[in-house]
Amino acid sequence: MIEWSEQHLMIRDTVKRFVDEEIVPNLEALEHGDMPPYDILRKLIQTFGMDEMARARFAKQIAAEKAGSASGKKDRGAKKEESQGSDGRGDATAMSLIPIIEICRYCPGMVTAMGVSLGLTSAAIMSKGTTEQKERWALDLMTFDKVGAWAITEPGSGSDAFGSMKSTAVDNGDGTYTLNGNKTFITNGPYADTIVFICKLDEPGVDPKDRKIMNFILEKGMEGLTQTQPMRKMGLHSSPTGELFLSDVVVSKDHLLGGKPVERSKSGAKDTFSMERSGVAAMALGMIERCLELSLKYAKERVQFGKPIGEFQLIQEKLARMEVARINVENMVFRTIEGAELGRGITFAEASAMKLYSARAAVEVAMEAVQIYGGNGYMSEYLVEQLARDAKVLQIYAGTDEIQISAIARDLLSRP
Amino acid sequence: MKVMVCLKQVPHQDARLDVNADGTWIQDGNIKFEINSYDTYALEEALKIKDAGEADVVVVSIGPDRVTQALRTALGMGADRAIHVKDDDADLSDTLGCAKILAAIAKEENPDIVFTGFMSDDGNFSAVAPMLAELLDLPSATGVLSVEVGDSLKCERELEGGALEVVELPKPCLAAIQTGANQVRYASLKGIMQAKKKPVDVKTMADLGVSDAGAGAVKAKIEKVYVPPKGDSAEILSGSTDEIVGQLVTKIKELGVL
Ligand SMILES: Cc1cc2nc3c(=O)[nH]c(=O)nc-3n(C[C@H](O)[C@H](O)[C@H](O)COP(=O)(O)OP(=O)(O)OC[C@H]3O[C@@H](n4cnc5c(N)ncnc54)[C@H](O)[C@@H]3O)c2cc1C
Ligand SMILES: Cc1cc2nc3c(=O)[nH]c(=O)nc-3n(C[C@H](O)[C@H](O)[C@H](O)COP(=O)(O)OP(=O)(O)OC[C@H]3O[C@@H](n4cnc5c(N)ncnc54)[C@H](O)[C@@H]3O)c2cc1C
Numbered sequence: 016m017i018e019w020s021e022q023h024l025m026i027r028d029t030v031k032r033f034v035d036e037e038i039v040p041n042l043e044a045l046e047h048g049d050m051p052p053y054d055i056l057r058k059l060i061q062t063f064g065m066d067e068m069a070r071a072r073f074a075k076q077i078a079a080e081k082a083g084s085a086s087g088k089k090d091r092g093a094k095k096e097e098s099q100g101s102d103g104r105g106d107a108t109a110m111s112l113i114p115i116i117e118i119c120r121y122c123p124g125m126v127t128a129m130g131v132s133l134g135l136t137s138a139a140i141m142s143k144g145t146t147e148q149k150e151r152w153a154l155d156l157m158t159f160d161k162v163g164a165w166a167i168t169e170p171g172s173g174s175d176a177f178g179s180m181k182s183t184a185v186d187n188g189d190g191t192y193t194l195n196g197n198k199t200f201i202t203n204g205p206y207a208d209t210i211v212f213i214c215k216l217d218e219p220g221v222d223p224k225d226r227k228i229m230n231f232i233l234e235k236g237m238e239g240l241t242q243t244q245p246m247r248k249m250g251l252h253s254s255p256t257g258e259l260f261l262s263d264v265v266v267s268k269d270h271l272l273g274g275k276p277v278e279r280s281k282s283g284a285k286d287t288f289s290m291e292r293s294g295v296a297a298m299a300l301g302m303i304e305r306c307l308e309l310s311l312k313y314a315k316e317r318v319q320f321g322k323p324i325g326e327f328q329l330i331q332e333k334l335a336r337m338e339v340a341r342i343n344v345e346n347m348v349f350r351t352i353e354g355a356e357l358g359r360g361i362t363f364a365e366a367s368a369m370k371l372y373s374a375r376a377a378v379e380v381a382m383e384a385v386q387i388y389g390g391n392g393y394m395s396e397y398l399v400e401q402l403a404r405d406a407k408v409l410q411i412y413a414g415t416d417e418i419q420i421s422a423i424a425r426d427l428l429s430r431p
Numbered sequence: 366m367k368v369m370v371c372l373k374q375v376p377h378q379d380a381r382l383d384v385n386a387d388g389t390w391i392q393d394g395n396i397k398f399e400i401n402s403y404d405t406y407a408l409e410e411a412l413k414i415k416d417a418g419e420a421d422v423v424v425v426s427i428g429p430d431r432v433t434q435a436l437r438t439a440l441g442m443g444a445d446r447a448i449h450v451k452d453d454d455a456d457l458s459d460t461l462g463c464a465k466i467l468a469a470i471a472k473e474e475n476p477d478i479v480f481t482g483f484m485s486d487d488g489n490f491s492a493v494a495p496m497l498a499e500l501l502d503l504p505s506a507t508g509v510l511s512v513e514v515g516d517s518l519k520c521e522r523e524l525e526g527g528a529l530e531v532v533e534l535p536k537p538c539l540a541a542i543q544t545g546a547n548q549v550r551y552a553s554l555k556g557i558m559q560a561k562k563k564p565v566d567v568k569t570m571a572d573l574g575v576s577d578a579g580a581g582a583v584k585a586k587i588e589k590v591y592v593p594p595k596g597d598s599a600e601i602l603s604g605s606t607d608e609i610v611g612q613l614v615t616k617i618k619e620l621g622v623l
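Respectively, the protein sequence lines represent chains A and B.
Here my numbering is used: the first residue of the first sequence is 16, the next is one more, and so on.
Here my numbering is used: the first residue of the second sequence is 366, the next is one more, and so on.
To be clear, the hints were calculated from the coordinates, so they are not data collected in a lab.
Ideal Cβ placement from N, Cα and C applies to all residues, glycine included.
Check the hints yourself; a few may be wrong.
Unchecked claim - Reference excerpt, derived from the structure (chain A facing chain B, CB under 7 Å, subset only):
#: 1; residue: M16
#: 2; residue: I17
#: 3; residue: T62
#: 4; residue: F63
#: 5; residue: G64
#: 6; residue: M110
#: 7; residue: S111
Unchecked claim - Taking lysine to any residue and the SDA-like style, the derived pairs with C-alpha atoms no more than 20 Å apart in a straight line are:
#: 8; chain 1: B; residue 1: K397; chain 2: A; residue 2: L309
#: 9; chain 1: B; residue 1: K555; chain 2: A; residue 2: E21
#: 10; chain 1: B; residue 1: K563; chain 2: A; residue 2: R32
#: 11; chain 1: B; residue 1: K562; chain 2: A; residue 2: W19
#: 12; chain 1: A; residue 1: K31; chain 2: B; residue 2: F398
#: 13; chain 1: B; residue 1: K555; chain 2: A; residue 2: R32
#: 14; chain 1: A; residue 1: K58; chain 2: B; residue 2: R550
#: 15; chain 1: A; residue 1: K58; chain 2: B; residue 2: K555
Work out the full structure: start from the sequences and follow the hints.
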């Protein structure tokens, strides 16, 4: 794939119109006020029929599971076969990435809030949950009727998420578990209806390092669960981020995702990470495109020393670098779509490489856009100021740059 | 019930418009296009009828290859079929020529209702709709803000000074829709993906048996398209802010505009 298809461009135009009509007029309230993003996101999902599509997809998967014919990998194989026609997985991937790109031109925070709920939380339940759990919790997340949060990070464990994890589950032996722990930096934490809480099974005699990992599904309002107010942060203001405190939260076994501990091989987590990381490339693309457009416009209009600043070579160098970044990141998005179309996907190492490059590119481009705007670039009135603050998070969440680098290097060094 | 909607593709409202080399139109080689805003309201009226019950919505456009995108967008929003008159000569038609081509399609299609936009964002003629109604011998209304479909079509028209007029048109009939008549829907993602499977009939003037449209039949020729030159009557005031304000106030008083 080297360019967008006619359908893709149509999707782009129609999402663009939504962004112009529904998001841009609310940008001030979303980014500099206290307006949560959920009503607009819900409207987005309903307007474009994504809820209806999710329901259809869900019904099909559940029916297949109940028929007992297919599950997990087999199911995926079957889908691949039937999608060889024009309605392939490439288009499905493009359909999910294009709105990300368009919204990130203005509001990367909204994409984060949406992605964590739809991409991470519902995907975790859909990939690891039992059929009953999917019916009970996942569908409402897929349609965005409910807001989801996915909680792994703790004050003492970020990059080393599993190694230093302190949150615990105690098996009460009566079909219930008691959960304790603190989670931090949790996207949608303050508003989430459904939370996937990741912790370790507290087994006496087993070294904490080797304890089993368990995912529990929590619901807003459970006794002992506190969801804090949004934390103040550098950027991404349209994505509420909070802390979760669990103090002796007792849940029945039907809240244990999949009904059992997670395999330590973490291969499931890798799929999730790959998806999350390719989403970051799409986010970066939207931000880069917008920064470049704004910079070009400003470079043509702003006159200093008797000329538009775009005529100075030092400004031209910035614009040229921005264009190189835009082309590279766009090609990464194309590669993601093409990989899906061919059914090969992208490997974990590729996803890490893309995330590393696109996050850095977004930060560089956004900061250079601020530079081109001079004093105006530092003022909140101009969008580049917000995008520069927002971009930085791409180097931190979904695995920091340093963690991506070690994943890439580990993969390279492990090759025969 | 069958509803035919006439769509024109026009330069995007954000497109930069430069006059072409021979001064006969704008340079349209490298700009973005969109569906004429008035026509999107016309399409929405048709889709509302479809939502309410049984209706086959056919969208029609005259223009080069790029017009496919406008038609696909309309199909993505919910129209059932599209007819694309792709004919270099047809593109050179004047308003009457366009009306004749659209009339030929309407004669083949026999719609119960024809919707058009009140005018086009680029040409501003407001002429095709009444001409088309005349050629088809249909009752028609222009500047329509809302319609009510029954055995006839009740149209609310916008008049000068915010007054409204209600007219009732027996079907078949034609209504030219005003902007702001409704809330134009978005194409859903599924709609867009399905649109590529919906039929688009491509026709030429010859296919439609139209011989009196196109370049040869043009009655009003465009002499010249140009951007008005900057007038020399502009006066730039200079000095300190206080001085400029003083001069400005004096000017306004001199001119007696207040
Ligand atoms: C806006 C936002 C939203 C978030 N949303 C969520 C969410 O929804 N759910 C969730 O669970 N978490 C969420 N997080 C948390 C995020 O995943 C973590 O911040 C991230 O994984 C980094 O962990 P940390 O902050 O603890 O940093 P640390 O892991 O403490 O890292 C500090 C620094 O040390 C470096 N470092 C660490 N280990 C190594 C190493 N081995 N080699 C080299 N350098 C290393 C890091 O790269 C970094 O530069 C969010 C974070 C932010 C900022
Ligand atoms: C927080 C803040 C506080 C400030 N406080 C004060 C203050 O107290 N008093 C005051 O007078 N001013 C103040 N300023 C203004 C500040 O000095 C100017 O913003 C700065 O000089 C840049 O000017 P500018 O914003 O007009 O950008 P511009 O001069 O328009 O520059 C835009 C871009 O073009 C580049 N550029 C311009 N000319 C060239 C060239 N010849 N070659 C290559 N590149 C070029 C610039 O480097 C920049 O990247 C403040 C600004 C900020 C952000």
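- Task: Assess, step by step, whether the Cα of K563 (chain B) is no farther than 20 Å from the Cα of R32 (chain A), and give holds or violated.
- Result: Answer violated: K563 (chain B) to R32 (chain A) is near 23 Å, above 20 Å.
- Item | Hint status (Cβ of G64 (chain A) to nearest Cβ of chain B, threshold 7 Å) | Hint on G64 (chain A): holds, closest Cβ of chain B at ~3 Å, below 7 Å.
- Item | K397 (chain B) paired with L309 (chain A) [C-alpha distance capped at 20 Å] | holds (18 Å)
- Message: Run the distance test for K58 (chain A) versus R550 (chain B): straight-line Cα separation, threshold 20 Å.
- Response: With Cα atoms ~13 Å apart, K58 (chain A) and R550 (chain B) stay inside 20 Å; holds.
- Task: Identify whether the interface hint at M16 (chain A) stands, where standing means a beta carbon of chain B within less than 7 Å of its own.
- Result: With a minimum Cβ separation of about 16 Å from chain B (threshold 7 Å), the hint on M16 (chain A) is violated.
- Query: Does the CB of I17 (chain A) sit less than 7 Å away from some CB of chain B?
  - Reply: violated (19 Å)
- Holds or violated: K555 (chain B) to R32 (chain A), with C-alpha atoms at most 20 Å apart: holds (17 Å)
- Task: Please work out if K31 (chain A) and F398 (chain B) have their alpha carbons no farther apart than 20 Å.
- Result: holds (14 Å)
- Hint validity - T62 (chain A) Cβ closer than 7 Å to any chain B Cβ: Holds. Min distance 5 Å.
- Given pair status - K555 (chain B), K58 (chain A), alpha carbons within 20 Å: Holds, because 16 Å separates the two Cα atoms, which is no more than 20 Å.
- Holds or violated: is there a CB of chain B closer than 7 Å to the CB of M110 (chain A)? holds (5 Å)
- Message: Hinted pair, alpha-carbon criterion (20 Å max): K555 (chain B), E21 (chain A). Please report holds or violated.
- Response: holds (14 Å)
Hint check: violations occur at hints 1, 2, 7, 10; the rest are consistent with the structure.
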